[in-house]
Amino acid sequence: MLEDNKWFKEVLSISGVEGVLLTSRAGSIIGKIGLNFDHKTSEQIAEKIIRILLLHQQTGRVIKELEIKWNDYNLVILVKDGLILITYCSQDRIMPLLRITLNVVLAHLLEDKKIIKQIKKYIEEKSPPLNTAQLDSREIKLISKLQ
Amino acid sequence: MALVGNLRDLKLPNLIQLNCMEKNTAKLTIEYAGKYGFIYFQDGNVVHAELDPEIGEEALFKMLALQEGKFRVENDVRPPVISINIPWNSLLLKGLHHLDTMHISDESKHLHILSMLMNIKGVRNAALIDTEGTVLASNTRIDNSSVLTAFTFLQVEKISTLMGRNNPGFISLNSNQSRSLIAYYKQNLVYLDIENKYQLDTILVLIGQVLSV
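Taken in sequence, the protein lines are chains A and B.
Everything in the first sequence is counted per our numbering, starting at 25 for the first residue and increasing by one.
Everything in the second sequence is counted per our numbering, starting at 49 for the first residue and increasing by one.
Under the rule of at most 20 Å between Cα atoms (straight-line distance), these lysine to any residue pairs were calculated in the SDA-like manner: (1) B:K245 - A:N127; (2) A:K165 - B:L184; (3) A:K165 - B:D178; (4) B:K206 - A:N60; (5) B:K206 - A:I164; (6) B:K245 - A:R123; (7) A:K88 - B:D249; (8) A:K88 - B:Y246; (9) B:K157 - B:L259; (10) A:K56 - B:L210; (11) A:K72 - B:S223; (12) B:K206 - A:D160; (13) A:K169 - B:S186; (14) A:K72 - B:S208; (15) A:K56 - A:E42; (16) B:K169 - B:Q225; (17) A:K64 - B:K206; (18) A:K64 - B:G212; (19) B:K245 - A:M119; (20) B:K206 - A:S52; (21) A:K72 - B:G212; (22) A:K56 - B:S208; (23) B:K157 - B:E105; (24) A:K104 - B:N244; (25) B:K206 - A:E163; (26) A:K165 - B:Q235; (27) B:K234 - A:N95; (28) B:K206 - A:Q68; (29) B:K206 - A:L154; (30) B:K206 - A:Y97.
I should point out that these hints are in silico values taken from the structure, not numbers from a laboratory.
Isolated chain A, as found in the complex:
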């Protein structure tokens, strides 16, 4: 885990940021900081995000940013080269600054040898999150409608 990573800490130091989660595209948690969720919940959140990314990818659309906005809360998800950076933020007004910072941080993380090593380790480890055995009937029905 990478709780001591200086880039993680940099993001967490932004006012309003409550936590950061870094996962591989296979859904394995590489690092997290400042989050109250247990490991299993973090994995489940990452899994749902990866399902969204994979289904879009299947139709030829490669998602590089995903944002989920509640009234008073935001999830900002950046995707690049096998890494998914998920940031939990409770302030709307810092979003433009946060987006810029996250892009810089993700670029630095991708240069970190320790992280690259971990991504490689996780690549084949887990079953793909779009495996129908793991999906419920509504999800399967929706996927079957894709042309």
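Following the hints, put chain B in place on chain A, whose structure we already have.
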């Protein structure tokens, strides 16, 4: 020469007024959401309207709800049939009153909300989709995007549950080619294709205003 334009720039009541005051005999074609509507003028009166499956006043009233859509006026085209028999100014008043007070069908409501969304600068395409991925109204064909929208929302619903939150206001997806937005709206989903050059935060405020009406 035919007059062509968009209802964004010239509203339908004004277009009707213009043709009637000039005592035109003409055919007005409106293209919206893959559908065609027709209004016929004869000697300065509206005498026939069609918007599948409606004919006559009902068809015209539905078209009056449109805020967006390409139109074309061809002069000297005669109506195939007469389905409207009241003077144009009474008809227009009746139609506008109808819009304010009538029980608007779901389809009209969908078209109306879509029109308002399409009026927002930066919105390229818009669609209203149910949570099963079926398109209820759309300004263009969106193919797989309807299913992707429903699937994305389903996953985000699950994320919200895991985080102990209600459904989110917006989901924004950005790829190299495009940006799309998903919003929950009265048990259904709104899908918007947004031009990349516009600031997300600015556009969200405007969309929020339309959806809260």
